[in-house]
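Trainee: Spelled out from the first residue to the last, the chains are:
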Amino acid sequence: MNNVFNIKNLDLFYDDFQALKNIDLDVEKNKVTALIGPSGCGKSTFIRCLNRMNDLIPSCKIEGNIQYHKEDIYDDNYDVIGLRTDVGMVFQSPNPFPMSIYDNVAYGPRCAGNKNKDKLDKIVENSLKKAALYDEVKDRMNDSAMGLSGGQQQRLCIARAIAMEPEVILMDEPTSALDPIATLKIEELINDLKENYTIVIVTHSMQQAARISDKTAFFLMGELIEVDETDKIFTQPSNQKTEDYITGRFG
Amino acid sequence: MSNKRKRIDLIYQGITYAAASVAVIVLSMIFIYVFTNGSGLLNFGLITTDYHAKFYNSGIQEVDQFSTAPRPDNLGEDTYYSEKWGIALADSEDREGKLVITVEYVSEDSPLKNLMYDKNSEDEKPIQLEEGDILGTIKFNDKGSALSIYGAKNMLDELDEEDTFREMVFYTKGGGIRGSIITTLYLIGLTMLLALPIGVFTAIYLNEFAPINRFTNILRSMIEVLTGVPSIIFGLMGLAVFVPLTVKYTPADSGNIISGAMTLAVILLPVIIRSTEESLKVVPDAFRQASLALGANETQTTFKVVLPSAIPGILTATLLAIGRVIGESAALIFAIGTAIKDDISIFGKSTSLAVHIWSLMTDEPANIELASTIAVIILIIVLALNLLVKLVSKKFTKKFD
Ligand SMILES: Nc1ncnc2c1ncn2[C@@H]1O[C@H](COP(=O)(O)OP(=O)(O)OP(=O)(O)O)[C@@H](O)[C@H]1O
Ligand SMILES: [Mg+2]
Chain G
3 MNNVFNIKNL DLFYDDFQAL KNIDLDVEKN KVTALIGPSG CGKSTFIRCL
53 NRMNDLIPSC KIEGNIQYHK EDIYDDNYDV IGLRTDVGMV FQSPNPFPMS
103 IYDNVAYGPR CAGNKNKDKL DKIVENSLKK AALYDEVKDR MNDSAMGLSG
153 GQQQRLCIAR AIAMEPEVIL MDEPTSALDP IATLKIEELI NDLKENYTIV
203 IVTHSMQQAA RISDKTAFFL MGELIEVDET DKIFTQPSNQ KTEDYITGRF
253 G
Chain S
31 MSNKRKRIDL IYQGITYAAA SVAVIVLSMI FIYVFTNGSG LLNFGLITTD
81 YHAKFYNSGI QEVDQFSTAP RPDNLGEDTY YSEKWGIALA DSEDREGKLV
131 ITVEYVSEDS PLKNLMYDKN SEDEKPIQLE EGDILGTIKF NDKGSALSIY
181 GAKNMLDELD EEDTFREMVF YTKGGGIRGS IITTLYLIGL TMLLALPIGV
231 FTAIYLNEFA PINRFTNILR SMIEVLTGVP SIIFGLMGLA VFVPLTVKYT
281 PADSGNIISG AMTLAVILLP VIIRSTEESL KVVPDAFRQA SLALGANETQ
331 TTFKVVLPSA IPGILTATLL AIGRVIGESA ALIFAIGTAI KDDISIFGKS
381 TSLAVHIWSL MTDEPANIEL ASTIAVIILI IVLALNLLVK LVSKKFTKKF
431 D
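Those sequence lines, one after another, are chains G and S.
Heads up: the first sequence is residues 3 to 253, going by this note's numbering.
Heads up: the second sequence is residues 31 to 431, going by this note's numbering.
A couple of the hints might just be wrong.
Claimed, not checked - List of simulated lysine-lysine pairs, DSBU-like, C-alpha gap at most 35 Å:
#1 K131/G - K425/S
#2 K183/S - K117/G
#3 K140/G - K311/S
#4 K84/S - K117/G
#5 K72/G - K334/S
#6 K425/S - K117/G
#7 K63/G - K114/S
#8 K187/G - K425/S
#9 K124/G - K203/S
#10 K121/G - K203/S
#11 K131/G - K334/S
#12 K132/G - K334/S
#13 K140/G - K424/S
#14 K311/S - K119/G
#15 K128/S - K424/S
#16 K420/S - K63/G
#17 K84/S - K203/S
#18 K124/G - K371/S
#19 K334/S - K187/G
#20 K132/G - K117/G
#21 K334/S - K33/G
#22 K128/S - K143/S
Because the hints were derived from the structure by calculation, they are not lab data.
Just chain G, with the same shape it has in the complex (with noise of 0.2 Å):
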């Protein structure tokens, strides 16, 4: 099995409460990996640890085993700034800097200490290609990304992710603040994306994650009640819960 992320026994508290029960979850290179579960069950805050955006808030303490490439990303000595590199994250609402188009798909790698103009046009001009925005944007490269419609910045934002050159993308809910036309767009985006990078996508559409996901992880309060083929977890899925979720028998 070709693995990027081995998740073991993993639990997470918010001070005294806890958001993450003993989860078990290993993440298959090149595939897509959907998140369900109802609200509050914890897809957030456990795609959050895993290029460990957690750190941000003071209350979460963690416990258990995160390996990266086999290596414990929340080892001390572990580099965090190289993990975010390597794994990129796309916001629920697009969250693109109030700054021009260019300078917002330029930012991580300059960030990174690339200075290089020639170098970074065209790490700009790939990764718009590759999340589908080039040709809309080319004219405007310099216009404040802000001016953008809601699916434009949205994919401007996976196009900013992809600039790093990361090897996998958490997405949570990406398509959650869009319109059924920008969604199928990101959706396209999201398949084409797979061959080159390993997705992990929370989602709270049932059909989206039947849609565009190899693996589906149920979670439900905390737990993860189910992981398997997305084919089979939709039609025959092993446990009672998930069939209730499933078929929205659940509340």
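Dock chain S with the ligands against chain G, hints included.
Mentor: Quick look at chain S with the ligands alone, frame taken from chain G:
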């Protein structure tokens, strides 16, 4: 029941209207008072001339060609003109109500413009009589002096009889505020140079980097307290700390512009820290998260994403701080002194515009007119600054929509 409620409603409304009108009336009365007193002196010359009159004792070289310029048409009825000397004089009163003779016009070819020299200077450097100067005495070689108490007509008649004179005493009008304007500009520049970087970086530290612990909490509440301290107490601190400090390490030998700027910087620090912190707080966390998730470190996140988004807020804080510098007087009375000066050095005493008002009003007799004029100027500047603040913050609120 509903009638009673209506009546109570009316009473409350009446009270708010009354309070509002009292406030408006009082404010407009102050404005009207200041403007009626001050607008008389308000002209461009005021801000370019010195406060202290300069006295000259001038002699004149031998005149071989007198003026030929005819009397200009725009001179007033009571102005006397000498075609021979090319000057027009008029009787008027100075600020203290003393009778003086003012120079109303000097022609281009007047000997008084081209042939006079300063008897007090070593190399007898040439000087000129200029419009607006005040003529004191003309001493002649072979007859009695022409004194200003006999009026402009007498002085011109005496002068016309002669082809030369031994000495002419005249002085510039003074009463200008050039020195105080320069001091104010110096104060704005130096204060901002000190307070802005320290304030902005402290705010960044507090808002972006500081751990939440006892030390930062104490720092925060100290800043809070400092904002409420009356400025005269800072003035005392300036006198006790910054004046000796500058006297020791600079050429200064008493209160000076640097010690004043240091004092103002301390007053403004809490203001700048707090408003910068406010503008950092409204920068959406989503920007920080996006930046960190791209592998940027905290410093990069702060200076490339957070700070640029907060710049309009910092600019607003700066403009408000400049307003404070212009308006502050109590602290400066101690930290710089109250001596009105024309030659400004940052190591020397002088007055800002606001302290200039204070000095004028404590003079005997108080010069209400000039004080009001300066007040008008300050009001106009502060008004302009406030408009600028509005413009900036308007742009600011547009940005995150
Ligand atoms: N910063 C935090 N501090 C304390 N508790 C938190 C914090 N973030 C999340 N929680 C709690 O942890 C639990 C899991 O939250 P999380 O955001 O991971 O859920 P989710 O599955 O992403 O929900 P949704 O589908 O609504 O986004 C919730 O009960 C939530 O209240
Ligand atoms: Mg969530």
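Trainee: Below or equal to 35 Å on CA atoms is what counts here, so check K131/G against K425/S.
Mentor: The given pair, whose Cα atoms are some 33 Å apart, holds under the 35 Å limit.
Trainee: Check the hint pairing K131/G with K334/S against an upper bound of 35 Å on the C-alpha distance.
Mentor: Distance of about 25 Å is within 35 Å: holds.
Trainee: Does K128/S pair with K424/S here, judged by a C-alpha cut-off of 35 Å?
Mentor: 53 Å, violated
Trainee: K72/G and K334/S: Cα distance at most 35 Å?
Mentor: 33 Å, holds
Trainee: When you check the alpha-carbon spacing of K140/G and K424/S, does it fall within 35 Å?
Mentor: Judged against 35 Å, a Cα distance of about 30 Å means the pair holds.
Trainee: Take a quick look at whether K140/G and K311/S sit within 35 Å of each other, Cα to Cα.
Mentor: 34 Å, holds
Trainee: Straight-line Cα separation of K334/S and K33/G no greater than 35 Å?
Mentor: 34 Å, holds
Trainee: Sort out whether K203/S lies within 35 Å of K121/G, counting only the CA atoms.
Mentor: 68 Å, violated
Trainee: Taking 35 Å as the top limit, are the C-alpha atoms of K420/S and K63/G close enough?
Mentor: 45 Å, violated
Trainee: Assess, step by step, whether the Cα of K124/G is no farther than 35 Å from the Cα of K203/S, and give holds or violated.
Mentor: 70 Å, violated
Trainee: Would you check the hint for K183/S and K117/G, treating anything up to 35 Å between C-alpha atoms as holding?
Mentor: 80 Å, violated
Trainee: Checking one constraint from the list: CA of K334/S to CA of K187/G, max 35 Å. Satisfied?
Mentor: 31 Å, holds
Consistency note: the structure conflicts with the earlier hints numbered 2, 4, 7, 9, 10, 15, 16, 18.
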